[in-house]
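Student: With the hints as constraints, model all of the structure from the sequences given.
There are 2 protein chains.
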Amino acid sequence: MNYLKRLLVGKPLKSSENDDQSLTRFAALAMLSSDALSSVAYGTEQIVVVLVTLSTAAIWYSLPIAVVVLVLLTSLILSYRQIIHAYPHGGGAYVVSSENLGKSAGLISGGSLLVDYMLTVAVSVSAGAEAIASAIPALYHHRVLIAVVIVLLLMLMNLRGLRESAGFLMLPVYSFIAIMTVLIIVGLFKIVTGMVPINATAQPGSFVPGISIALLLRAFSSGSSSLTGVEAISNAVPFFKKPRAKNAAGTLAMMGIILAFFFTGITFLNYWYGIIPSEQVTVLSQVGESVFGKGIMYYIMQFATALILAVAANTGFSAFPVLAYNLAKDKYLPHRYQDRGDRLGYSNGIITLALGSIALLMIFQGSTERLIPLYSVGVFIPFTLSQTGMVKKWYSEGGQWLRKSIANIIGALISFSIVVILFIYRLNDIWPFFIIMPILIYVFYRIHKHYQNVAEQLRLADEVKLHEYEGNTVIVLVGNVTQVNIGAINYARSIGDYIIAMHVSLDENSEKEKEIQKEFKEKFPDIRFSVVRSPYRSIINPVTRYVDRVSKKSKKYNYTTTVLIPEFVPNKAWKLSLHNQTALRLRLRLSYRDDIIISTYNYHLKK
Amino acid sequence: MNYLKRLLVGKPLKSSENDDQSLTRFAALAMLSSDALSSVAYGTEQIVVVLVTLSTAAIWYSLPIAVVVLVLLTSLILSYRQIIHAYPHGGGAYVVSSENLGKSAGLISGGSLLVDYMLTVAVSVSAGAEAIASAIPALYHHRVLIAVVIVLLLMLMNLRGLRESAGFLMLPVYSFIAIMTVLIIVGLFKIVTGMVPINATAQPGSFVPGISIALLLRAFSSGSSSLTGVEAISNAVPFFKKPRAKNAAGTLAMMGIILAFFFTGITFLNYWYGIIPSEQVTVLSQVGESVFGKGIMYYIMQFATALILAVAANTGFSAFPVLAYNLAKDKYLPHRYQDRGDRLGYSNGIITLALGSIALLMIFQGSTERLIPLYSVGVFIPFTLSQTGMVKKWYSEGGQWLRKSIANIIGALISFSIVVILFIYRLNDIWPFFIIMPILIYVFYRIHKHYQNVAEQLRLADEVKLHEYEGNTVIVLVGNVTQVNIGAINYARSIGDYIIAMHVSLDENSEKEKEIQKEFKEKFPDIRFSVVRSPYRSIINPVTRYVDRVSKKSKKYNYTTTVLIPEFVPNKAWKLSLHNQTALRLRLRLSYRDDIIISTYNYHLKK
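For the protein sequence lines, the chains are A and B, in the order given.
For the first sequence, my numbering assigns the number 851 to the initial residue and increments by one for each residue that follows.
For the second sequence, my numbering assigns the number 851 to the initial residue and increments by one for each residue that follows.
Please keep in mind that the hints were generated in silico from the structure rather than gathered at the bench.
None of the hints are false.
The list treats identical chains as one, so a pair stands whether inside a single copy or across any two.
The calculated EDC-like cross-link candidates involving lysine to aspartate or glutamate, where the alpha carbons are at most 16 Å apart (straight line), are: (1) K1457 with E1306; (2) K1373 with E1313; (3) K1371 with D1312.
Tutor: Structure representation (structure tokens):
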């Protein structure tokens, strides 16, 4: 068991090794940008698909829409760079919103993002599994299984630790970056050298009958799904090499530039080559075919795309545990999300995310496309809140707040518009948001209330006064008269002033009961022997009643009460199943009684 | 939770209410004979199907084969009546074989039957589910689910207790008995009055080219599957009203007569009416159609057959728990199979059987026909062993042993022949028997060895000498300095002579550690405060090491060592998840250390 864990997860790391375990920019880009970069695989398509519902001539509108998306991207990147510098301990939207707009805004951000990371993992992994299944059709019926296996692999990788998973992710991410760069450069080269004449469905600016603001807004809101994943870096600042904020901001800028280049490039090529979306082949694949022809380069591109989609899920694995940690630190999630595992990752967060996304995969049986609008809402609400928060922060800090705020104001406005557009035009996809979020917020507050109550109850008075007890009553549970009793009674005598051996008899006045009583009296003449009868065969209730009675009496004499439960500890784990688990249940029940200490006398079976 | 249990299972019964909870002959027949009686639904068919592989003319051989089956049945019934009188405490084949032929023979019988009862449940319930699905074709794809639901219902019924489940079973069993009786009487009446002339495929005694002993033996071994279930009554003697043995023997005789009448009747009608087995319609259904015509009586018969097949599974639920009880009493199965539940049933046996047969249903997806030969082997091996055992018993008791043995000798010989025939002609169906049985026997012996070892280790010397300790060292685990510490330290002082407060620090030399140390010293100036550092963040290892050190020292001073672990007990169960389960894991680990008593100080959170 332990060996298996070591094999899969690696040897434990010291807490002080934390510093070594941090990311260079180069590794961080691989680790944290796959979500954002992989979305260029479908970003352009999302815009064009909406536009062609009107007519193919409307495709030219993808160019101005791409410009607005770029403006949004720029403002987001600038805004998140400011957030990184202002909050170098990480936390992103949750921290920024709660510090500037109040706890509820923070929790809405945090809750949305928690759910969103699960969606990211489910959506990306099932896209990856589908890509694999397209390549090997025999696997088609097993794609949910494949997706689950990928999630489990990602989980293990992340439990092994950051640096090692970054190493694993370098290849897919940098391959994708390389091949996309080649695609766009070759594509533009062919255009500039006149090798490919314009083939567009319509000139920019041509009037398309039936065009409406609503359609353009829907196309824009769809296209902005490319921008999900941008916040990942700001959440993960503490993982960077020092100087952390500077390195994180640099990585974010780099990612923004690459993303902008890819998105514009692909949208432009798509327009110029006059590509019309089809059911079977993705837009990106059509662009690739037009530029490269259906040769080796095309297949490399397809493969790299499939790979980056599969690993995009890893962004969720980096960001979710840190966000859960921040929520747990503020007492809105269970404490355990603060614990670091053997390899310094926040293991509980990693495991929760894996289980959550596996559940989503099971529920939707791998058809996760419908989740994309939900996913966009979950991203743009925190975007809006965190940027509004930044504006408020600059304002409250005074000085040249408007200059600092300009990126944030634009970002907040555009993000907010997207949220509104999604609410209006995509309600039939995003309604679960309005069910999940209130529940989540309620749970956060209940947890918080509990921890507050506990803290209040535990607070010590300034002057602590200890109580002096006169002595201790020990009740020793006795089954048959065996070797176990000797050890238990010896211990009881070492701590107790008054010892009672208690025997539970299942049959009333049976022979066996009398026999045991006689034998006990013979072997232990000085110990009081007390029989508790259990006509209903459950030993729990009669024991509890008897212990209550003794404890009440003890209290009167200013004694404490200890119940000593002997338990077998076999030398092999399977043998545990051969002994009744009554002790466990009894301990559980007694744990609810006041003023009773439950002690376990472990008797080790040597063979 | 508790309420739900009461609702489903009923209020607990006193152990002394055991006597009321026993069966009249009338109820016992319903309760224990459904397995045997339901097998007439397919017994004749099993014979005829084998014969027609040669030619339809061979069907007349079913008559002599039926005679041999009747001989076998008679010898089995007589033999089991003797077993009932000789072993009025129940146990059947397992007890008889182990007492007379040695433990291994007993365990082979017991093991075969345990597996067999699971097979019975799975086979009968899926036959019942298929009957329901034939009636309502929309349910066809859910028949595994239906089967599982039936198993769970049977489980609940049996957990509720014997009498109540017998009540529930009266209707199907007695309806089936009634309709079969009517079928045979009407059928014979029509023959005797000459309303139906003989329509048989061949006269008895006609020569059928190609007939071979092998074919006849296979037909006979198939037909004897009707005799499974006969042993159920001898296992369940303790459930009968007093005088138990007499009532059980009477019920068994009654069941034998009914079974013989049905089996002969149906086989004869089948021969006379010249019915040839077909894929779609069962032989019994064809007989019914010929006798009744396709009217209301026919449908009643079909429905009653489906019902009794479904409840035949209940025989397993009566017999399995008693057999498991007997094996557990002899220490070949875990003790817990001896525990009676709230309603006096052996709950663990009932639940194990339900889970086992649900597993079989899942694995075979409801296509359990292939299990029938396996099931026959599992029945006839214990038959052979128990009857051989009876012969040996009579022989060793001397006197007119041969007269008493005659039924047993015949029964043993025929049963043994069937086993041999099955081994020779059905090896491709019964091979799992040769894998399961050795494993099971091995497990039985391992369990037995363990219990023997335990008993040996626990045996007390004639003279018990208690040890006098000088005092007690108490190690109190301390997290933050809170209210919890007061109670824990108060208790520790009441039992201990030397108190150590131990704090685990996760970061080396951190600020927090120093702060806690200072605060503790301030509040509890008289208590020794000890810091244990955990560079790997797991508190388990360092604590264990520290406790080991203290315990070693304590021992030198003739002190006992107690580790007091404070634990939160929230007022609501869900809140348990909000507190780290470290205490649980720590307790588990420490339970393997020698000479350490683990005590829990439960701090109750009031809100």
